[in-house]
Structure formats: structure tokens, C-alpha cells
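Starting from the given sequences, assemble the full structure and let the hints guide the process.
The primary structure of each chain is shown beneath.
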Amino acid sequence: DAKTTQPTSMDCAEGRAANLPCNHSTISGNEYVYWYRQIHSQGPQYIIHGLKNNETNEMASLIITEDRKSSTLILPHATLRDTAVYYCIVRPAQGAQKLVFGQGTRLTINP
Amino acid sequence: DGGITQSPKYLFRKEGQNVTLSCEQNLNHDAMYWYRQDPGQGLRLIYYSQIVNDFQKGDIAEGYSVSREKKESFPLTVTSAQKNPTAFYLCASSISPGNSNQPQHFGDGTRLSIL
Numbered sequence: 033d034a035k036t037t038q039p040t041s042m043d044c045a046e047g048r049a050a051n052l053p054c055n056h057s058t059i060s061g062n063e064y065v066y067w068y069r070q071i072h073s074q075g076p077q078y079i080i081h082g083l084k085n086n087e088t089n090e091m092a093s094l095i096i097t098e099d100r101k102s103s104t105l106i107l108p109h110a111t112l113r114d115t116a117v118y119y120c121i122v123r124p125a126q127g128a129q130k131l132v133f134g135q136g137t138r139l140t141i142n143p
Numbered sequence: 065d066g067g068i069t070q071s072p073k074y075l076f077r078k079e080g081q082n083v084t085l086s087c088e089q090n091l092n093h094d095a096m097y098w099y100r101q102d103p104g105q106g107l108r109l110i111y112y113s114q115i116v117n118d119f120q121k122g123d124i125a126e127g128y129s130v131s132r133e134k135k136e137s138f139p140l141t142v143t144s145a146q147k148n149p150t151a152f153y154l155c156a157s158s159i160s161p162g163n164s165n166q167p168q169h170f171g172d173g174t175r176l177s178i179l
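Residue numbers (our numbering), protein chains in the order written: chain A, 33 to 143; chain B, 65 to 179.
Check the hints yourself; a few may be wrong.
As the list claims (entries may be wrong) - Under the rule of at most 25 Å between Cα atoms (straight-line distance), these lysine to any residue pairs were calculated in the SDA-like manner:
hint, chain 1, residue 1, chain 2, residue 2
1, A, Lys35, B, Asn165
2, A, Lys101, B, Asp102
3, A, Lys101, B, Pro72
4, B, Lys121, A, Lys84
5, B, Lys73, A, Pro124
6, B, Lys147, A, Phe133
7, A, Lys130, B, Lys134
8, A, Lys130, B, Asp118
9, A, Lys35, B, Leu109
10, A, Lys130, B, Val116
11, A, Lys101, B, Gly106
12, A, Lys35, B, Gln101
13, A, Lys35, B, Lys135
14, A, Lys130, B, Gly67
15, B, Lys73, A, Lys84
16, A, Lys130, B, Gln105
17, A, Lys130, B, Lys78
18, A, Lys84, B, Asn165
19, B, Lys73, A, Thr115
20, A, Lys84, B, Lys147
21, A, Lys130, B, Ser86
22, A, Lys130, B, Gly127
23, B, Lys121, A, Glu63
24, A, Lys130, B, Gln114
25, B, Lys135, A, Lys101
26, A, Lys84, B, Lys135
27, A, Lys101, B, Gly127
28, A, Lys130, B, Ile159
29, B, Lys73, A, His81
30, B, Lys78, B, Asp102
31, A, Lys35, B, Gly162
32, A, Lys84, B, Ile159
33, A, Lys84, B, Ala145
34, A, Lys130, B, Thr69
35, B, Lys121, A, Gln126
36, A, Lys130, B, Leu91
37, A, Lys130, B, Thr143
38, A, Lys101, B, Asp172
Derived by calculation from the structure, the hints in this document are not laboratory data.
Quantities reported herein were computed from a predicted structural model and do not represent experimental measurements.
Encoded structure:
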């Protein structure tokens, strides 16, 4: 599985856009990029995923570079409830039963 | 509301006892999974099931057992053979197994502690 690299921690002001980077330089052409977040003492929450194209849903936007070696998760208007650990995960297209979570980015939203 | 329900939220076990963690989903998902999370660590796959009456070992199955008699239920038993059972246990499900274009959705977990 391709490995991912994320900053250990980030801060963002409430109401501003939070941009979380992820490097996955060894990603293969058929591997998806997934983002989850985990708030303390809760289960991981699915946010968004994509293969090649940029994606947007009600929670966030995912921007994947043209060479697919990196991506950015954008929370457009961060709130205090967005404080969590955010995980970027690369999944093979077929046969992948497990999700491999790295250390993630601890995002703190400040009032 | 559709979702995944894990119970209980907190569970205490005496050494030598087996305990069973419940996981129920009403999402009509075929695949279900059990993960274990230790403090400051990532998730590790214990068991998964792709269909009723079938399940497969994950990376750390020793000391655990599961059953999948109904589509919506995938209970995990932590046996006395599991030497270090204190952890946060997470159940997940997905529409179809092995399809990476379908996300896994998680319950809120059960925190197991040894007395």
C-alpha cells in the first residue's frame, strides 16, 4: 500500500478555511485517496474520497494534484467542532479489506 | 437514523473472562469489520466478514472470535486467550467487500478495560 505523509499538527481560526495537505508520492494509478477524521473517544468519520478528479460534498472538498502525488482536504468554514485528528489514506482499487491509518494531522480550530 | 451501533460504550472484564462486544448495522451493508485501536496508534484489523455465515481473519485475530449469523449483526468475543485486551474496539461496515470505491463507516466504539 502506498504510504502517506501528513503534518503532525495544524491550527486554524474559526470561520476560516482549513487546508490539510497529504503527500502520497508512491500512489498507484488505481488507488483511491480517502479522508477520515476522529474526534476524541469516537469512531472515525468518513469525510470524502477520490481517484483522479477533485471531489466536493457537504463536508469538504478534496483537491488531488494532476500527478496524484499529493492532495489537500479543504474544510471551507471551520468550526470548533472540526477539531479532530484527520487521516489521509490510500486504498488499492481491489481486494483491500482493511483501512491503514497513519498518525494523521491533529487539527485545532481556535475561536 | 441509519448507522452502526456498538454496545456497550464501556466494558470492564476480569482476567480469565470472555466478553462479547455487540455491533449492529441497519445500513443493509454486506461487509462488516472489527478493528482495534491502542492509545496513539492506528487501527489494526481483527476480523472481517464479506457475507452472512462467512468471515476471515485480519492481522491480529489471535484471542478473538466472531460470528455472522445475520446480515446486520457481527459480534466480537474477546477470549481469555487474548493477553492484552485493553483497547478501543471499532466496528465498521461497507456496502460491498473489497470495493475501494465504497467507504467503510464506523460505529462509536467500545472501550474495554481489564480490572
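Right, here's what the structure says about each hint:
Distance hint between Lys35/A and Asn165/B is fulfilled; the C-alpha atoms sit about 18 Å from each other, no more than 25 Å. As the CA atoms of Lys101/A and Asp102/B are separated by approximately 30 Å, the hinted pair breaks the 25 Å bound. With a C-alpha separation of about 41 Å, the suggested pair Lys101/A and Pro72/B falls outside the 25 Å cut-off, and the hint is violated. Using a Cα cut-off of 25 Å, the hinted pair Lys121/B and Lys84/A is violated, with the two alpha carbons roughly 32 Å apart.
For the given pair, Lys73/B sits about 32 Å from Pro124/A by alpha-carbon distance, which is inconsistent with the 25 Å threshold. Restraint check: the Cα-Cα separation between Lys147/B and Phe133/A comes to about 24 Å, which is no more than 25 Å; the hinted pair holds. Distance restraint check for Lys130/A and Lys134/B: the Cα-Cα separation of roughly 21 Å lies within the 25 Å cut-off, and the hinted pair is therefore satisfied. Restraint check for Lys130/A and Asp118/B: the C-alpha separation of about 17 Å stays at or below 25 Å, so the hint holds.
For the hint linking Lys35/A to Leu109/B, the alpha-carbon distance of about 17 Å falls within 25 Å, and the restraint holds. About 18 Å separates the Cα atoms of Lys130/A and Val116/B, which keeps this hinted pair within 25 Å; it holds. The hinted pair formed by Lys101/A and Gly106/B meets the criterion: a straight-line CA distance of about 22 Å does not exceed 25 Å. Proximity of Lys35/A to Gln101/B is assessed by CA-CA distance (about 19 Å); at most 25 Å being required, the pair is judged to hold.
The suggested pairing of Lys35/A with Lys135/B is violated, with an alpha-carbon distance near 33 Å, which exceeds 25 Å. A C-alpha spacing of about 19 Å is found between Lys130/A and Gly67/B, which places the hinted pair at or below 25 Å, so the restraint holds. A C-alpha spacing of about 38 Å is found between Lys73/B and Lys84/A, which places the hinted pair above 25 Å, so the restraint is violated. For the hint pairing Lys130/A with Gln105/B, the CA-to-CA distance comes to about 15 Å; that is within 25 Å, so the pair holds.
Taking the CA atoms of Lys130/A and Lys78/B, the gap is near 30 Å; set against the 25 Å cutoff, the hint is violated. With a C-alpha separation of about 12 Å, the suggested pair Lys84/A and Asn165/B falls inside the 25 Å cut-off, and the hint holds. At most 25 Å may separate the alpha-carbon atoms for a hinted pair to count; Lys73/B and Thr115/A meet this at roughly 22 Å. Simply put, Lys84/A and Lys147/B have alpha-carbon atoms about 43 Å apart, too far for the 25 Å limit, and the pair is violated.
Using a Cα cut-off of 25 Å, the hinted pair Lys130/A and Ser86/B holds, with the two alpha carbons roughly 20 Å apart. As the CA atoms of Lys130/A and Gly127/B are separated by approximately 19 Å, the hinted pair is consistent with the 25 Å bound. With a C-alpha separation of about 23 Å, the suggested pairing of Lys121/B with Glu63/A holds against the 25 Å cut-off. A distance of roughly 12 Å separates the Cα atoms of Lys130/A and Gln114/B; the hinted pair therefore holds under the 25 Å criterion.
For the hint linking Lys135/B to Lys101/A, the alpha-carbon distance of about 38 Å lies beyond 25 Å, and the restraint is violated. Between Lys84/A and Lys135/B the CA atoms are separated by roughly 33 Å; this puts the pair beyond 25 Å, and the hint is violated. Note on Lys101/A and Gly127/B: the hinted pairing is violated, with a Cα-Cα distance of about 39 Å set against a maximum of 25 Å. In summary, the hint linking Lys130/A to Ile159/B is supported, as the alpha carbons are separated by about 14 Å, within the 25 Å threshold.
The suggested pairing of Lys73/B with His81/A is violated, with an alpha-carbon distance near 29 Å, which exceeds 25 Å. Distance restraint check for Lys78/B and Asp102/B: the Cα-Cα separation of roughly 19 Å lies within the 25 Å cut-off, and the hinted pair is therefore satisfied. Distance restraint check for Lys35/A and Gly162/B: the Cα-Cα separation of roughly 19 Å lies within the 25 Å cut-off, and the hinted pair is therefore satisfied. Simply put, Lys84/A and Ile159/B have alpha-carbon atoms about 22 Å apart, close enough for the 25 Å limit, and the pair holds.
Simply put, Lys84/A and Ala145/B have alpha-carbon atoms about 45 Å apart, too far for the 25 Å limit, and the pair is violated. Of the supplied pair hints, the one linking Lys130/A and Thr69/B holds, its CA atoms being roughly 20 Å apart against a limit of 25 Å. A threshold of 25 Å between alpha carbons decides the hint, and for Lys121/B with Gln126/A the separation of about 18 Å falls inside it, so the pair holds. Straight-line distance between C-alpha atoms of Lys130/A and Leu91/B comes to about 19 Å, which keeps the hinted pair within the 25 Å bound.
A C-alpha spacing of about 22 Å is found between Lys130/A and Thr143/B, which places the hinted pair at or below 25 Å, so the restraint holds. Between Lys101/A and Asp172/B the CA atoms are separated by roughly 32 Å; this puts the pair beyond 25 Å, and the hint is violated.
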